[in-house]
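**Q** Protein chains in written order, with the numbering used here: chain A, 1 to 351; chain B, 1001 to 1480.
Since the hints were derived computationally from the structure, they do not count as laboratory data. Just so you know, these numbers come straight off a predicted model, no measurement behind them. Glycine included, C-beta positions come from ideal geometry on N, C-alpha and C. Hints are supplied without guarantee of correctness; some may be wrong.
To be verified - A few chain B residues facing chain A, derived, Cβ under 10 Å:
| no. | residue |
| --- | --- |
| 1 | SER1345 |
| 2 | ALA1355 |
| 3 | LYS1368 |
| 4 | PHE1370 |
| 5 | ASP1376 |
| 6 | LEU1407 |
| 7 | THR1435 |
The residues making up each chain are set out below.
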Amino acid sequence: MNLNNIDFLNELTANTSKIVKGFETLKEVKQVDIATTPKTVVYSEDKLKLYRYKRDTKATYKTPVLIVYALVNTYQMLDLQPDRSYIKNLLDAGLDVYLIDWGYPKQIDKYLTMDDYINGYLDNCVDYIRDEHKLDKINILSICQGGTFSLIYSALHPEKVKNLVPHVTPVDFSVNDGLLFKWSKDMDFKSLVRGFDGIIPGSFLNEGFDMLKPMMKFHKTSGLMNSLEDTTKLTNFLRMEKWIADSPDQAGACFLQFMEDLYQQNKLIAGELVVGSNKVNLKNLTMPVLNIYATEDHLVPPSATTPLGEYVGTKDYEIYPFQGGHIGVFVGNRSQKELAPKVTKWLKDRD
Amino acid sequence: MNNTNEIFETIVETQKKSIETLVDTTSKIQEALKSGNAVEKTTELYQNWWNTQLSLLNNATSQTKTEVENTQAKTEDFYKKGYETQIDAIKKASDFNLNFFNTLSNFGKKSTDAKDQLQATYSQWNTLFESWTKSLNTTFESLNTSYPKTFSPELFQNTMNTNTLFLKLQNFYQPYFNAVKGGNFSADSMKTLFDPAQYKKITEETFSNFFQGQNLNTLIETNTKSIHDFFQKQQNTTKEYKEFWNVFTEKFPTIISADYTKFNDSFKNINGSYKDLFEPALKLISNAKDKENIELAVESLDKSTTYSIKLAQIQYLLNKTGENVAEEVGKLIVEKSKKLELTNSFQTFFNDWVAINEKHYTKLYATKEFSKLKADLTTLSLDVKKNIEQQFENKIEHLPLVVKSELNELYQTIHDLKKTIKALESKVNTTAKTTTAKTTATKTTATTTAARTATTAAATVATAAAATATATATAKKATV
Chain A
1 MNLNNIDFLN ELTANTSKIV KGFETLKEVK QVDIATTPKT VVYSEDKLKL YRYKRDTKAT
61 YKTPVLIVYA LVNTYQMLDL QPDRSYIKNL LDAGLDVYLI DWGYPKQIDK YLTMDDYING
121 YLDNCVDYIR DEHKLDKINI LSICQGGTFS LIYSALHPEK VKNLVPHVTP VDFSVNDGLL
181 FKWSKDMDFK SLVRGFDGII PGSFLNEGFD MLKPMMKFHK TSGLMNSLED TTKLTNFLRM
241 EKWIADSPDQ AGACFLQFME DLYQQNKLIA GELVVGSNKV NLKNLTMPVL NIYATEDHLV
301 PPSATTPLGE YVGTKDYEIY PFQGGHIGVF VGNRSQKELA PKVTKWLKDR D
Chain B
1001 MNNTNEIFET IVETQKKSIE TLVDTTSKIQ EALKSGNAVE KTTELYQNWW NTQLSLLNNA
1061 TSQTKTEVEN TQAKTEDFYK KGYETQIDAI KKASDFNLNF FNTLSNFGKK STDAKDQLQA
1121 TYSQWNTLFE SWTKSLNTTF ESLNTSYPKT FSPELFQNTM NTNTLFLKLQ NFYQPYFNAV
1181 KGGNFSADSM KTLFDPAQYK KITEETFSNF FQGQNLNTLI ETNTKSIHDF FQKQQNTTKE
1241 YKEFWNVFTE KFPTIISADY TKFNDSFKNI NGSYKDLFEP ALKLISNAKD KENIELAVES
1301 LDKSTTYSIK LAQIQYLLNK TGENVAEEVG KLIVEKSKKL ELTNSFQTFF NDWVAINEKH
1361 YTKLYATKEF SKLKADLTTL SLDVKKNIEQ QFENKIEHLP LVVKSELNEL YQTIHDLKKT
1421 IKALESKVNT TAKTTTAKTT ATKTTATTTA ARTATTAAAT VATAAAATAT ATATAKKATV
């Protein structure tokens, strides 16, 4: 081994030069825009906005689709950049696409409950689309916690949902895989909500997510160092960083019920979850369901997603494993060619 | 003209040029070493470098001064800090070069001396590099304070911190590499080479979130003082306790490094005596808010000290895991050196180090002990925060200000009212739809009835007409 001080100094100065050159590359980066696919607000309520994406041609599907994202982070990851956009792929396939933007809760929203979000906001958006298209039922496509919400909604209002496609959705919270599921068992969420005065900061959640991979900041730095001399690579890196940093705060009442009733007591699977004044029975999911999960998901492990089939009432249930991580399902290279075609074909067969 | 961008660009440009010239000068000095005319060359290089730095700083000063005068007052503060950190960085850089120049002027001595001189140069470089990264980080911190939500320095800071860590790791592992090169590296010699105190610093740098004890000491002191001040008005009861606590916090690190579990038990016993001391005395006080505040302060103190214990526990686990990592990394060096697989790139070694850390710390994070400690730390810190907020509310109660707890009541009322209104709106809409449907149905029935009546009337007329026609025909027949 020939590693000595001079060699190391050379390596260090080379790295330092790279960082310095990075400033030049930064200057060339024009805009770090995400979620640029055109859309308009068609309905709003409190901080919620319902978007309809602009179509240049007529939709080739009779039934529109409503995308329900999680409350954590924002939907913009689904439309990260023009060549990595799940939403654009759905539009290109001929779907009429609507999407809920939950907004950014403030202090006044701290008492919003799961009932408010599911039987209030989500139901009103579904009714809007049904009225607009003069349909009894619409398709729902949902992500992560948004998936859990849409399962609960569809079980309470099955007459309004034609087809259901949850992605990377936690259903069985009793599993002990993944740090998030382990840590949630020991956390005193009542104290947490009280301590944050009813609004859980997005930055607190982000810190927690970062800790799920202990050496995350070094991996990220390595990614950044490899992008410093290439404007396109650096722009793409910064887009992802922009999305990660944009983490809305959480309404305490909804957060508390979600964490206690689901993560700690697993009430959904046990058939004991009450939202509003109604008990949620997954057997009422009598519509076709396509359950998509990521095989290397460290946030929602496969063991938390795959059991859904044992609890639904429908006979038209399909499970689809995607090779990748929680976010990679939507933004990875392979995803652009695989995910949307799978989902759109499945919906077409049931349109 | 966007003044924020221009200030940012000026600082960035200055830093960039500053470090470019430094890197360039260092490379030239290294070349000079190899070529043998180090003394003359270095003098010239040093002078050129110093002049360049001075002119860069003067340019930055005059450019940004104009921008500062044209923008908000708070920018002056940022500028002042930036200027001070620049001067500090330049000073350290000049010390480095002066020392280097001095070592080179003795260059004609024996080879071992040259090696020592190089080591001294290398140490100087370490200091200089750390100073540079610190000055850059300070600049970005200042920018972020002055222009919040405009900059995202964290990403940049992490990059600089990683570079600094890179340096620290190289510092730590260089003796290992030297031993490998000298052919006397083994698993046994590794034990001698391992410096736990130095590696502890690397762990603290890597997991800085868990090593923020300074604020805690301030919190404990503040709460102790508030309790002390309160009781001083009544008696001098807490004076001895405050003195005990000051001594205790000073000796805290020494105590924690001894037998950990025994310390934990004795500390709980000591800590429990706060309640024994204060509870009887609190019964004498009748003023509700004052009493509530002291109870909150005592509770905060209690929770802060419990937090200290648990923080120390989690730090212990992190450091212990760091030692396991260092051991595995050492074994990796042994294996690779045996197979002649060690490369000349420290970056490759750094990647291996990161991967081994990931493995060990993921395992630690997955343990029940870590999960419970982390949860307890979060809860305790938030409870203390809440206590402080409540104490603050109690203190400003007499002022004409709306406090958080009152606003919370208002928010709850607004939420409940909104929900009621939406439910009523929904009922009204449903009723309206039902009424419209009924009215439409009623109209349809009436139309149908009218149509039936008309049909019947028409049929009657038709029947009468037919009867008349028959009668006429019969009458005609009779005539014929």
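**Q** All hints are to be evaluated individually against the structure, with a verdict given for each.
**A** Here is what the structure says about each hint:
The restraint placing SER1345/B at the interface with chain A holds, with a minimum CB-CB distance near 7 Å, inside the 10 Å limit. At a threshold of 10 Å, the smallest CB-CB gap from ALA1355/B to chain A is about 8 Å, leaving the interface hint in force. Satisfaction of the interface hint for LYS1368/B is found here, the shortest Cβ-Cβ separation to chain A being roughly 8 Å, below the 10 Å cut-off. A hinted interface residue such as PHE1370/B counts as satisfied when its beta carbon comes closer than 10 Å to some beta carbon of chain A; here the least separation is about 9 Å, so the hint holds.
The beta carbon of ASP1376/B is positioned within 10 Å of a beta carbon in chain A (closest approach about 8 Å), and the interface hint is therefore held. Against a cut-off of 10 Å between C-beta atoms, the interface hint on LEU1407/B holds, since the closest Cβ of chain A lies about 7 Å away. Using the Cβ-Cβ criterion of 10 Å, the hint placing THR1435/B at the interface with chain A is not satisfied: the shortest such distance is roughly 18 Å.
Consistency note: the structure conflicts with earlier hint 7 alone.
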